[in-house]
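Residue numbers (my numbering): 1 to 347.
Read the hints as simulated data drawn from the structure, not as lab findings. Predicted model only: the values in this text are computed from it and were never measured. Every residue, glycine too, gets a C-beta built ideally from N, C-alpha and C. Keep in mind that the hints are not guaranteed to be accurate.
As the list claims (entries may be wrong) - DEER-style ranges, computed between Cβ atoms:
no., residue 1, residue 2, range
1, A265, S203, 34 to 42 Å
2, N135, V40, 17 to 25 Å
3, P98, P42, 50 to 58 Å
4, T48, N22, 40 to 48 Å
5, A294, V4, 22 to 30 Å
6, F191, N135, 35 to 43 Å
7, A294, F191, 34 to 42 Å
8, L11, L34, 16 to 24 Å
9, D165, P10, 20 to 28 Å
10, N135, R279, 14 to 22 Å
To be verified - Capping the alpha-carbon separation at 25 Å, the derived lysine to any residue pairs in SDA-like fashion look like this:
no., residue 1, residue 2
11, K6, V49
12, K131, S150
13, K149, Q94
14, K6, T48
15, K342, L195
16, K6, T24
17, K149, L161
18, K149, P194
19, K149, R134
20, K131, D38
21, K292, D307
22, K149, Y213
23, K292, D255
24, K292, G330
25, K342, T48
26, K131, V36
27, K149, V240
28, K292, K149
29, K131, D69
30, K149, Q108
31, K131, G35
32, K131, K149
33, K131, P98
34, K149, D211
35, K149, K342
36, K292, A268
37, K342, Q289
38, K342, A268
39, K342, V296
40, K292, E267
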Amino acid sequence: MVTVYKAIRPLLFALNPEHSHNITLAATALAGNLGVMDCVLPSRVEDTVELMGLQFANRVGLAAGLDKDARCMQGMQSLGFGFLEVGTVTPLAQPGNPEPRMFRLTEQQAIINRMGFNNDGLESMLERLEKLRRNPLQVPLGINLGKNKSTPADRAIDDYLQGLDAAFELADYITINLSSPNTPGLRDMQFGEPLDALLLALSERRARLIDQYGDYTPLLVKLAPDMSTEDLLRVSDRLVHFGMDGVIATNTTIDRSLVSDSPYANEAGGLSGSVLYERSTAVVASLAQHLKGALVIVGVGGISSGDDAVGKMAAGADLVQIYSGLIYQGPGLVRECAQAIKEGSPW
Numbered sequence: 001m002v003t004v005y006k007a008i009r010p011l012l013f014a015l016n017p018e019h020s021h022n023i024t025l026a027a028t029a030l031a032g033n034l035g036v037m038d039c040v041l042p043s044r045v046e047d048t049v050e051l052m053g054l055q056f057a058n059r060v061g062l063a064a065g066l067d068k069d070a071r072c073m074q075g076m077q078s079l080g081f082g083f084l085e086v087g088t089v090t091p092l093a094q095p096g097n098p099e100p101r102m103f104r105l106t107e108q109q110a111i112i113n114r115m116g117f118n119n120d121g122l123e124s125m126l127e128r129l130e131k132l133r134r135n136p137l138q139v140p141l142g143i144n145l146g147k148n149k150s151t152p153a154d155r156a157i158d159d160y161l162q163g164l165d166a167a168f169e170l171a172d173y174i175t176i177n178l179s180s181p182n183t184p185g186l187r188d189m190q191f192g193e194p195l196d197a198l199l200l201a202l203s204e205r206r207a208r209l210i211d212q213y214g215d216y217t218p219l220l221v222k223l224a225p226d227m228s229t230e231d232l233l234r235v236s237d238r239l240v241h242f243g244m245d246g247v248i249a250t251n252t253t254i255d256r257s258l259v260s261d262s263p264y265a266n267e268a269g270g271l272s273g274s275v276l277y278e279r280s281t282a283v284v285a286s287l288a289q290h291l292k293g294a295l296v297i298v299g300v301g302g303i304s305s306g307d308d309a310v311g312k313m314a315a316g317a318d319l320v321q322i323y324s325g326l327i328y329q330g331p332g333l334v335r336e337c338a339q340a341i342k343e344g345s346p347w
């Protein structure tokens, strides 16, 4: 699988990054729906762990952002992930920001994107998830929720509640995305009164949904890597206070000091990839030391090898997610990370 990807990667990298991304998704969706990938790919590394009341097939998941509209879940599952996260999805479909809006920083094995939550909207995703009931996934599915760009800040809670209502019965867990740098004002919701108001509303709405459906759906919040340690720990305390189940650390960074020598350094958007590894892992370590198991920690950011995945776990992560590493290393990275974690020290 590694050899095959090395052969086709130059062809993919010769294309505009977003076009390459769309072609890859379409091919993965087709192969997954036809069942082709299950016949040619190695079996998934089985390393079952129970967290938040869910059984994860292994500790390596697909990060949100790659399959925004839940188009290729069967194909992604075949790559050996222990869980999948789709989205970010918003209540209404929106085109996102103008192109070009994705840039490869090949020397740094990094990506800058300012996609802007481009997606087909909740209704479209829910239709696909309803169809999935006929051929359910073998691994947990998370749905990552955001707010529409057109929704004013004082109505943002309504968008998240609408998403929670719609996704509650279909998702194994739900992630609240407050940390994308590409929706104006979104990161402001990570702090103070806006954060408390949102978390209280989510907690109260989930309690009503539990009464309605009789099921418990874990809630996680995805945070940015760019806040101070003091702010990070204060926010994590609020997540615990309002009964959240986990934290995803971290989203992309707006700091360009990590790629200051790149011709794309001045492009707006979130930076991901290998250069984010140290910073995101430091956030994981700070959270783990402070929380002492009060929240499940999902470590994401810069994982491009099995050693990187083990490093996230050693810092205190309970699960890890990958995205940018897939683009540079190929699908074999999933198995490499899952196997390395399984063979590592007990977590």
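Which earlier hints turn out false for this structure, listed by number in ascending order? 3, 4, 5, 7, 9, 10, 11, 12, 14, 15, 19, 22, 23, 24, 27, 28, 30, 32, 33, 34, 35, 36, 38, 40
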